[in-house]
Amino acid sequence: MIKDFLVIFRIYRNKLFLILLILGMPWAWAAVWVPWWVNLMCLAMVPIAGLILIFRVLPLPEQPRREGDDSTVSDARIRKMRKMSSGINNLLSRWAQVSHHSRSSIEDVASHVDEVISYSERSIIDVSKNFINVTRKTRRQVDHALGLLERTRGGSHVDSGSRSLPELVEAYEVMTRHVVERLGRISETSQQLERRHEQVRENLKHIDTLLDQLSAHDSKIGMLALNTSVTGGGSGADFVSVSDQIRTISLESKALTRDIRRTLEEVRGQSQETHGAVRQAVQQAREAASSAEEESGKLKSGMLENSRALEQTLAQISALGNEIQADINNIIVALQFQDITQQKLQRLKHPMLTDLTTSLRAIFDETRVLSSKLQTTGMVDRSGAEGGGDSSEVAKDVAGQPAEATSPQVAPKPKGGSSDTVEIF
Amino acid sequence: MRQMVCFTLTSAGHDVVEAADGNEGVAAARQGKFDLVITDVNMPGMNGIELVRALRALPEYKFTPMLVLTTESEQSIKQKGRDAGATGWIVKPFSPDILLNTLAKVLD
Chain A
1 MIKDFLVIFR IYRNKLFLIL LILGMPWAWA AVWVPWWVNL MCLAMVPIAG
51 LILIFRVLPL PEQPRREGDD STVSDARIRK MRKMSSGINN LLSRWAQVSH
101 HSRSSIEDVA SHVDEVISYS ERSIIDVSKN FINVTRKTRR QVDHALGLLE
151 RTRGGSHVDS GSRSLPELVE AYEVMTRHVV ERLGRISETS QQLERRHEQV
201 RENLKHIDTL LDQLSAHDSK IGMLALNTSV TGGGSGADFV SVSDQIRTIS
251 LESKALTRDI RRTLEEVRGQ SQETHGAVRQ AVQQAREAAS SAEEESGKLK
301 SGMLENSRAL EQTLAQISAL GNEIQADINN IIVALQFQDI TQQKLQRLKH
351 PMLTDLTTSL RAIFDETRVL SSKLQTTGMV DRSGAEGGGD SSEVAKDVAG
401 QPAEATSPQV APKPKGGSSD TVEIF
Chain B
1 MRQMVCFTLT SAGHDVVEAA DGNEGVAAAR QGKFDLVITD VNMPGMNGIE
51 LVRALRALPE YKFTPMLVLT TESEQSIKQK GRDAGATGWI VKPFSPDILL
101 NTLAKVLD
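Protein sequence lines correspond, in order, to chains A and B.
Its first residue numbered 1, the first sequence is counted upward by one per residue in our numbering.
Its first residue numbered 1, the second sequence is counted upward by one per residue in our numbering.
Take the hints with a grain of salt, since some may be wrong.
As the list claims (entries may be wrong) - Beta-carbon label-pair distances, calculated as ranges: (1) A/Arg140 to B/Cys6: 28 to 36 Å; (2) B/Asn101 to A/Leu304: 37 to 45 Å; (3) B/Asn101 to A/Ser296: 47 to 55 Å; (4) B/Pro59 to A/Leu345: 37 to 45 Å.
No lab work stands behind these hints, which were simulated from the structure alone.
Positions of the beta carbon are idealized from the N, C-alpha and C atoms, including for glycine.
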């Protein structure tokens, strides 16, 4: 619309003052206080001024014929051709403007497409590299885990210096069995000791009984002595009787004493045997403790070594896990480029390409209209301009300049993590 | 993108509710109260800045932290986000660690 006004302005700029004068003069009188009939006259002058404007001022002045003009062609036809040339000139100037705009748009599109391609390539490369890293590290993790499993199973590749966990467990079982066996022997010895102790107790009880008997004999002797002193040296028969009794008691006491001695001998023997058994039990217990301590030390060192190896393997697996996490983070970052490129393409599609298409379509329509007008006037060969092919060719020539030759190479943006990545208001 | 953010947050132990666009986000926000809102700027229908503005209009989200994820780093768009009531701005591409650190900072 503005362009049309500009074109009209360019054509009639020499007559602009006259046009304004004609249009404004009738109303200039009306601007001040005048009688009513003056106003009526001014109103009557408006159509007259309009007619003068239309028929005398606005028509283009007739151009004088030029030297190169064909003398056989009439003036009217030359004017018509010049008018068409002017229209074509306007169209071409608009074509030039649109093509200039289109060229810059296409250059922008080309640079954005380059950027998108660069982003895509880089993200694909990043994703691929990180996937390879993740796969490689996962493989190493699996190897470590398999090594750990092999160690747990007690495989053949285990170092000669260390024992596998099952071997250690088996060794613990053997050690425990030995300790149990030795404790069993100690228990048997203790039972023997108990039995001997019981025998000693029986013997001591027997001695106690014998000593009671001896004490009873002693009482009897005392009673005999007392009876003898009461009778005061009685008859000889009584004396003989007492002496017989004393002899009998003496013989019994002797027998009892022998019995006590024999019993004491038995107790001594049993005591010696008990002593031997106790020494044996102590020796067995000491040996068992020493053996258990030695075996326990070996097992302890084996367990510590296994724990260290396990810790080391788990640390390696954990470190690889952290590295895998970092790689996955990188993959996530690289995958975000897909989102960025998608949004960039959307921005390319709208409004840049949409505007470009709209402008080209408008120009194409105008060209077709002009072409049909030319065909209608008969000033162009109808067969040569059939279907508007020429205008399409023109459009192609103007807008279809090779963008690669002029589009600047845009360097890809730096990867994320820069200081302006995050901003908290 | 949404799934990646969801994966990162759930891996870090957060409970996440997803919404496909701004309108769905507002509907989800009306149904429950969330501690934090993360949105992209470019979304179909209601964009991220409009979403922030709509949520800020709700009384229960007046002081809720809202982070905006986008490829845009122009100051004018940032200013629009700030005016709408966004708490922070994260420019893509970003590392998951950056997202989690920002989250912790904003939730503190």
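Tested hints:
For the pair A/Arg140 and B/Cys6, the supplied restraint of 28 to 36 Å holds, since their beta-carbon distance comes to about 29 Å. Between B/Asn101 and A/Leu304 the CB atoms are about 40 Å apart, so this pair conforms to the stated range of 37 to 45 Å. Here the CB-CB span from B/Asn101 to A/Ser296 is close to 50 Å, well matched to the stated 47 to 55 Å. Evaluation of the 37 to 45 Å hint for B/Pro59 and A/Leu345 yields a pass: the beta carbon distance comes to about 39 Å.
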